[in-house]
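Just so you know, the protein sequences line up as chains D and Y, in that order.
Per this note's numbering, numbering of the first sequence is gapless, rising by one per residue and ending at 514.
Per this note's numbering, numbering of the second sequence is gapless, rising by one per residue and ending at 1154.
If you're looking for bench data, these hints aren't it; they were derived computationally from the structure.
Remember, predicted model here, so these are calculated numbers, not experimental data.
Heads up, the beta-carbon is just placed ideally off N, CA and C, and yes, glycines get one too.
Mixed in with the good hints, there may be bad ones.
To be verified - Not everything, but these chain D residues come out facing chain Y in the computed CB check (under 8 Å):
no., residue
1, W226
2, Q265
3, W272
4, G274
5, Q298
6, T299
7, D301
8, A302
9, P304
Unchecked claim - Straight-line alpha carbon distances no greater than 30 Å define the calculated DSS-like cross-link-like pairs of lysine-lysine that follow:
no., chain 1, residue 1, chain 2, residue 2
10, Y, K755, Y, K724
11, D, K248, Y, K903
12, D, K150, D, K172
13, D, K266, Y, K724
14, D, K346, Y, K975
15, Y, K755, D, K266
16, D, K240, D, K266
17, Y, K755, D, K342
18, D, K209, D, K266
19, Y, K755, Y, K796
20, D, K266, D, K248
21, D, K184, D, K150
22, D, K342, Y, K979
23, D, K423, D, K477
24, D, K201, D, K105
25, Y, K979, D, K309
26, Y, K755, D, K255
27, D, K255, Y, K914
28, Y, K719, Y, K695
29, Y, K734, Y, K716
30, Y, K975, D, K184
31, Y, K791, D, K266
32, D, K266, D, K377
33, D, K60, D, K89
34, D, K309, Y, K975
35, Y, K663, Y, K724
36, D, K166, D, K201
37, D, K342, Y, K975
38, Y, K904, D, K248
39, Y, K1098, Y, K1048
40, Y, K719, Y, K760
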Amino acid sequence: MAMQLKTMRAAFLAGIMALSLAGPVLAAPQADDKPLPPLQTVWHRYDTLTDAGKYQQALKEMTAFAADTRRAGRERARIYGMTAVLCTKVKDDACFRTNIANALKADLQVGHFMDALLFSDSPDKDQAIESFLWLVQNKSSMLGGISVRKIWQYLRHFEKAKHEDKAYTLLKILHDSGYTGDNKGATPEYLWFELARLQLKRGDTAAAKALIQHTQFGADAYIRAWQDRDYEGLWPTLEKDPRFTPDKLLDTELKLAALDQARAQKEGWESWLGARLGLVQAYRAADNAEEAVMAAEQTLDAVPDADRKSENYYWVQNELAYAYEDAGRVDDALTLMASVIKGDLKTSPSLINQYINYGEMLWRHGRDEEALKAADKTLVDGKGYVSDFGAYWAKASKVCALHSLGRAADADAIYGPLYKSAKTNYSAVTMAALCLGREDDAATLYKTRLASEDDRSTALLALSRFRTSGKPDEATKLRALVDKIAARPDVQKAVKAVGRLGDWNFAFSYWGEF
Amino acid sequence: MKKSTLTVLVLGVLSLDVWLSLSLLHPHQRTIRDIYKEAKAGNAASQYDVGVYYFEGRYGGRNLSEAVKWYRKAAEQGYPAALNNLGLMYRNGWGVRRDLAHAVALYTQAAEAGDPAGASNLGGMYLDGIGVKRDYQAAIKWTMKAAEKGQSSAEHNLGRIYQEGLGVKADLDKAREWYQKAADHGFAASQYNLALLYQYGKGVKADFEKARVLYEKAAKQGMPDAQNNLASFYFNGQGVKKDVPKAMDLFKKAAEGGFPLAWQNLGQIYRDGTAVKQDFGKSFLAYREAARAGLPGSQFQLGIMYARGLGVPQDLKQAVVWYKKAADQGLASASNNLGALYLQGAGVPKDTKKAAALFAEAEKDGYLLGTFNLANLYYSGQDGKRDLKKARSYYLQAAKAGNRSAQFDLGLMSYRGEGAPADYVAALYWFKKAAAQGHMDAAYNVGHIYDRGLGVPQDFKEALKWFEKAAAKGNGLALTNLGIYYGAGRVVERDSDKAFKYTEKAALQGERQAEQNLGYFYENGIGTPKDIQKAVDWYEKAVRQGQPLAALRLSAIYGTGVGVKEDDIEALKWYVLARQLGVKSSKVDLARLQAAMTPDEIKAAHAKAKAYWAQHLRPKDCSRGGCVFWTDMPEAAQKG
Chain D
1 MAMQLKTMRA AFLAGIMALS LAGPVLAAPQ ADDKPLPPLQ TVWHRYDTLT DAGKYQQALK
61 EMTAFAADTR RAGRERARIY GMTAVLCTKV KDDACFRTNI ANALKADLQV GHFMDALLFS
121 DSPDKDQAIE SFLWLVQNKS SMLGGISVRK IWQYLRHFEK AKHEDKAYTL LKILHDSGYT
181 GDNKGATPEY LWFELARLQL KRGDTAAAKA LIQHTQFGAD AYIRAWQDRD YEGLWPTLEK
241 DPRFTPDKLL DTELKLAALD QARAQKEGWE SWLGARLGLV QAYRAADNAE EAVMAAEQTL
301 DAVPDADRKS ENYYWVQNEL AYAYEDAGRV DDALTLMASV IKGDLKTSPS LINQYINYGE
361 MLWRHGRDEE ALKAADKTLV DGKGYVSDFG AYWAKASKVC ALHSLGRAAD ADAIYGPLYK
421 SAKTNYSAVT MAALCLGRED DAATLYKTRL ASEDDRSTAL LALSRFRTSG KPDEATKLRA
481 LVDKIAARPD VQKAVKAVGR LGDWNFAFSY WGEF
Chain Y
515 MKKSTLTVLV LGVLSLDVWL SLSLLHPHQR TIRDIYKEAK AGNAASQYDV GVYYFEGRYG
575 GRNLSEAVKW YRKAAEQGYP AALNNLGLMY RNGWGVRRDL AHAVALYTQA AEAGDPAGAS
635 NLGGMYLDGI GVKRDYQAAI KWTMKAAEKG QSSAEHNLGR IYQEGLGVKA DLDKAREWYQ
695 KAADHGFAAS QYNLALLYQY GKGVKADFEK ARVLYEKAAK QGMPDAQNNL ASFYFNGQGV
755 KKDVPKAMDL FKKAAEGGFP LAWQNLGQIY RDGTAVKQDF GKSFLAYREA ARAGLPGSQF
815 QLGIMYARGL GVPQDLKQAV VWYKKAADQG LASASNNLGA LYLQGAGVPK DTKKAAALFA
875 EAEKDGYLLG TFNLANLYYS GQDGKRDLKK ARSYYLQAAK AGNRSAQFDL GLMSYRGEGA
935 PADYVAALYW FKKAAAQGHM DAAYNVGHIY DRGLGVPQDF KEALKWFEKA AAKGNGLALT
995 NLGIYYGAGR VVERDSDKAF KYTEKAALQG ERQAEQNLGY FYENGIGTPK DIQKAVDWYE
1055 KAVRQGQPLA ALRLSAIYGT GVGVKEDDIE ALKWYVLARQ LGVKSSKVDL ARLQAAMTPD
1115 EIKAAHAKAK AYWAQHLRPK DCSRGGCVFW TDMPEAAQKG
């Protein structure tokens, strides 16, 4: 939690920086002889107390600092905002509200910014979103401090509350304001993509068409729009648009990846690695294994030794292993993954992802005994690190490996409970069902997913056909069964209700491919 | 009756007839006379013996046609050994016109009559398809018959059959067994082949000692191949204590015995000059022998020696001749070197197309240097046809195979965006690879990329590490940057002494940025006592290499007259030069400078600047662009 707080503060400070640089902040003249502690001292105190878990004391002291009228309004608003965060630690909603209200009083802009930023913790989420809209409509320089990811949180809130109209309004205002993205370089194309969907729902096809024409989407967005019936009004437009041929789409993916890299390199190695990961994935999507391998190898080589124990470094290694598979270099792929998972989970908890992926890779290439060991390593050594979602992947790999080894009873023993609680990870359970040849189970899972707003997009992707890369493996063999299921009348009916399936002439590697 | 081997023993120059006539004088010679008499009388065995005597030149000069005559007489009587020997004469065209089919027929008769030598020879004919259609099964049948009777040559051939899997499944164990049998019977070829199996651990655990013993046996019998290999063992100390003189002796024996590889080995030994005193003359002579015998490796080496004048006066035409011979035999290195000569027009008229074709041949055979040269050719664009995409593709091949220069050049192409869009991450990768192989400039380039944050996050720590590597090898740019890092305290503690030291090193190498920086250090007493005159000297050096800021500093120094005599004309001259070199300045600066100057003084300053430019700064070669030319300032601008 302490880390979360620091991150928020950093974001907040980043937002404030723009304001601070605009001009000097003059402290009000003080009458009493008690010196006004500088802001750095306040933050230092804040960190010390929160790191020690002394929230009540922190609340008391921060409240006092914030109330000190010798301090400039912006600074006080900042402190009130951070105090509101402390209120969430002690689960005091009223305290939260009071501090936000005080922040707004001290400085309207900073107050609204803090309110919007603290959306996740706020008891008044609609109010937080209103604060965000205030920033938009007042063209606040602090708007960039609210990440695009945060905006998606707002939208999901409206979606859950079934306030699509509010989601629409938010996006419309944002779009009409000329919003170009956040300070970290994330751009809003997918937001406009969602806006187009809402426009179509409202029957405003013309507006949706105009929006699409002026927005460049990547392959992922295009495929989703093409397949999802919510976008049916745009289908003719999309199909005629010359920007959306597979070649052009893949080209766009590469260009976007390059832009992302240019942005990310200013932020340091971890961010840069994330961007390079996108580039490697773009090459893989274009079925260009050779370029993917080179890009990944060059990426890893560029990183200084001191920066190599990071989440994104491991992900790039993982992606390189996938690229090796694409290139038919299975031994290289397995050797690489085996070396990656030698890392320490304690210092690098994100490695659990590679634990999971390694197990599946082993099963894919017929190394079933080793796959079982790897899956057990995930579940046992990774206990406390692996989520339920991740654990389901490991269990699914086990089911598949056991089945390959002819140990049907053992496979069934694991599969049964998985199927019963498939909602935890539909893709993993579907994979297990396919391994066991349980067509009806798999079909049921697909239909369930198709019927769900949250899951139908990945289900449509999973049932669609893509060009497979590299040499055939166990997963590729399961595709034949997926095709069979996709052709079933009951599944086709479920598909038709929400969209359509594609037959794409490029590789689309997505870890939830089932 | 002795059955002779095929070894020719020359015992004397006298004819058999003479010996026969003399035989009356000696009891031993009486026996020969009797044999001759018996032969004449039609005794087949004696006829055979007489044939042997004529063949071997025993008791007289060799007479192959006489040998044929007497063998034929015995053969016509069905004498097995004679049938075999007559077959041999027809097989080799000795004393009779070569007739392979007839040889096979004779061998067949001998074999069918139970003669093991005949059976062995017949097996050999079937094995190699000589005079008869190749038939491994027939070969095995007859060879086995001969081997069962202890015929060493047959035992040897069975060894071959099993080793090479001729008509049977290859079986090294069986091969070794048969070779061993023949070797035990003293058959040199089997001793040699068995030694090879032990040397290379084929079907048996590698054992240099055993191999050496076998080579010794075969070598003693005068087998040059064995002598050569044994020599290698002594030379390298394999299975025996290293003994270079003995090795040299054996190599010479093998060479003189007609084994070209031994000549080649001698050539290499004399050329290397590590085990014996280097002697290019001896090396050349040895290689020449092997080259004349057709060894492509020696032909190639001879080409090199002619090309470089090693042990022989330089003769590029001869270099071409020998490279061509080796290249015609498919030696990729020769194709490459020949290509280089065509490219340079050395020893042959210049022909870039031919050069490209030769490099391509070498490249196809996986010869890295050929790939690299091809890349260079496409890059430089001989005949005005540059193909950067192809150049890049070949550089990539060579780079992936580990060619350091290719790695560096590919790094440069990636950096510059040649043949493909610029890719700094790729450039970094290839520069690192080249640097790992000791390429000093590549190490600097790596540092440069990290220093500037090109394609990667800016990382001064990493940059420093690479600058230090490059500076340790004397790279001037790296030294300059280290001077900057220590001067500014960038990721290191500020250290003026180190800053000065590195900068001076670089400046002394002629690095213009370092010259400018050194001038600054002297001007301000950083890491060294203040010395304006030295500052002026270094600034001027830097200006002559096109550094505008150095010119600006000179202007300031002469303008203020600190450490030098104040001189407005000099100050303005340097200022004008700074502007010519690209410094953007304001009218205010110019006006300030010229405030106390007369129009004549201003004019003089501009004239001095122009003259200085003409003498020191006029670009000499603008073929690659990037030149800065003098621009006359309009009079109004001159006045500010």
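Verification of the hints:
Checking D:W226 against chain Y by beta carbon gives a least distance of about 29 Å; that is not within 8 Å, so the hint is violated. With a least beta-carbon distance of about 5 Å to chain Y, the hint placing D:Q265 at the interface is held under the 8 Å criterion. A cut of 8 Å between beta carbons decides the hint on D:W272: the least distance to chain Y is about 5 Å, and the hint holds. Checking D:G274 against chain Y: minimum C-beta separation of about 12 Å lies over 8 Å; hint violated.
For D:Q298, the suggested interface contact is upheld, since its CB lies about 4 Å from the closest CB of chain Y, less than 8 Å. Interface restraint check for D:T299: the shortest CB-CB distance to chain Y comes to about 7 Å, inside 8 Å, so the restraint holds. Hint status for D:D301 relative to chain Y: holds, with the closest Cβ pair at about 5 Å, below 8 Å. Hint status for D:A302 relative to chain Y: holds, with the closest Cβ pair at about 5 Å, below 8 Å.
Annotation: interface hint on D:P304 holds; nearest CB of chain Y at approximately 5 Å, less than 8 Å. Distance hint between Y:K755 and Y:K724 is fulfilled; the C-alpha atoms sit about 14 Å from each other, no more than 30 Å. As the CA atoms of D:K248 and Y:K903 are separated by approximately 22 Å, the hinted pair is consistent with the 30 Å bound. For the given pair, D:K150 sits about 16 Å from D:K172 by alpha-carbon distance, which is consistent with the 30 Å threshold.
Using a Cα cut-off of 30 Å, the hinted pair D:K266 and Y:K724 is violated, with the two alpha carbons roughly 67 Å apart. With a C-alpha separation of about 27 Å, the suggested pair D:K346 and Y:K975 falls inside the 30 Å cut-off, and the hint holds. Proposed proximity of Y:K755 and D:K266 is contradicted: the alpha carbons are some 64 Å apart, above 30 Å. Restraint check for D:K240 and D:K266: the C-alpha separation of about 38 Å exceeds 30 Å, so the hint is violated.
The hinted pair formed by Y:K755 and D:K342 fails the criterion: a straight-line CA distance of about 47 Å is larger than 30 Å. Taking the CA atoms of D:K209 and D:K266, the gap is near 35 Å; set against the 30 Å cutoff, the hint is violated. Pair hint Y:K755 plus Y:K796 holds up; C-alpha atoms about 26 Å apart against a cutoff of 30 Å. Proximity of D:K266 to D:K248 is assessed by CA-CA distance (about 28 Å); at most 30 Å being required, the pair is judged to hold.
Restraint check for D:K184 and D:K150: the C-alpha separation of about 12 Å stays at or below 30 Å, so the hint holds. Under the criterion of a C-alpha separation no larger than 30 Å, the hint pairing D:K342 with Y:K979 is consistent with the structure, at around 28 Å. Distance check on the hinted pair: D:K423 and D:K477 sit about 25 Å apart at the alpha-carbon level, within 30 Å; holds. Among the hinted pairs, D:K201 with D:K105 is inconsistent with the structure: their alpha-carbon atoms are about 39 Å apart, more than 30 Å.
For the proposed pair Y:K979 and D:K309, the alpha carbon gap of about 20 Å is at most 30 Å, so the pair holds. Simply put, Y:K755 and D:K255 have alpha-carbon atoms about 66 Å apart, too far for the 30 Å limit, and the pair is violated. For the proposed pair D:K255 and Y:K914, the alpha carbon gap of about 26 Å is at most 30 Å, so the pair holds. The suggested pairing of Y:K719 with Y:K695 holds, with an alpha-carbon distance near 19 Å, which does not exceed 30 Å.
Taking the CA atoms of Y:K734 and Y:K716, the gap is about 24 Å. The hint holds against a cut of 30 Å. Between Y:K975 and D:K184, the direct Cα distance comes to roughly 24 Å. Compliance with the 30 Å bound is thereby established for this hinted pair. At most 30 Å may separate the alpha-carbon atoms for a hinted pair to count; Y:K791 and D:K266 exceed this at roughly 61 Å. For the suggested pair D:K266 and D:K377, the alpha carbons sit about 37 Å apart, so the restraint of at most 30 Å is broken.
Restraint check for D:K60 and D:K89: satisfied, since their Cα atoms lie roughly 13 Å apart, inside the 30 Å limit. Restraint check for D:K309 and Y:K975: the C-alpha separation of about 17 Å stays at or below 30 Å, so the hint holds. Distance hint between Y:K663 and Y:K724 is fulfilled; the C-alpha atoms sit about 27 Å from each other, no more than 30 Å. Among the hinted pairs, D:K166 with D:K201 is consistent with the structure: their alpha-carbon atoms are about 13 Å apart, no more than 30 Å.
For a cut-off of 30 Å, the pair hint linking D:K342 to Y:K975 stands: about 27 Å separates their Cα positions. Between Y:K904 and D:K248, the direct Cα distance comes to roughly 25 Å. Compliance with the 30 Å bound is thereby established for this hinted pair. For the suggested pair Y:K1098 and Y:K1048, the alpha carbons sit about 26 Å apart, so the restraint of at most 30 Å is met. Between Y:K719 and Y:K760 the alpha-carbon distance is near 27 Å, which keeps this suggested pair within the 30 Å criterion.
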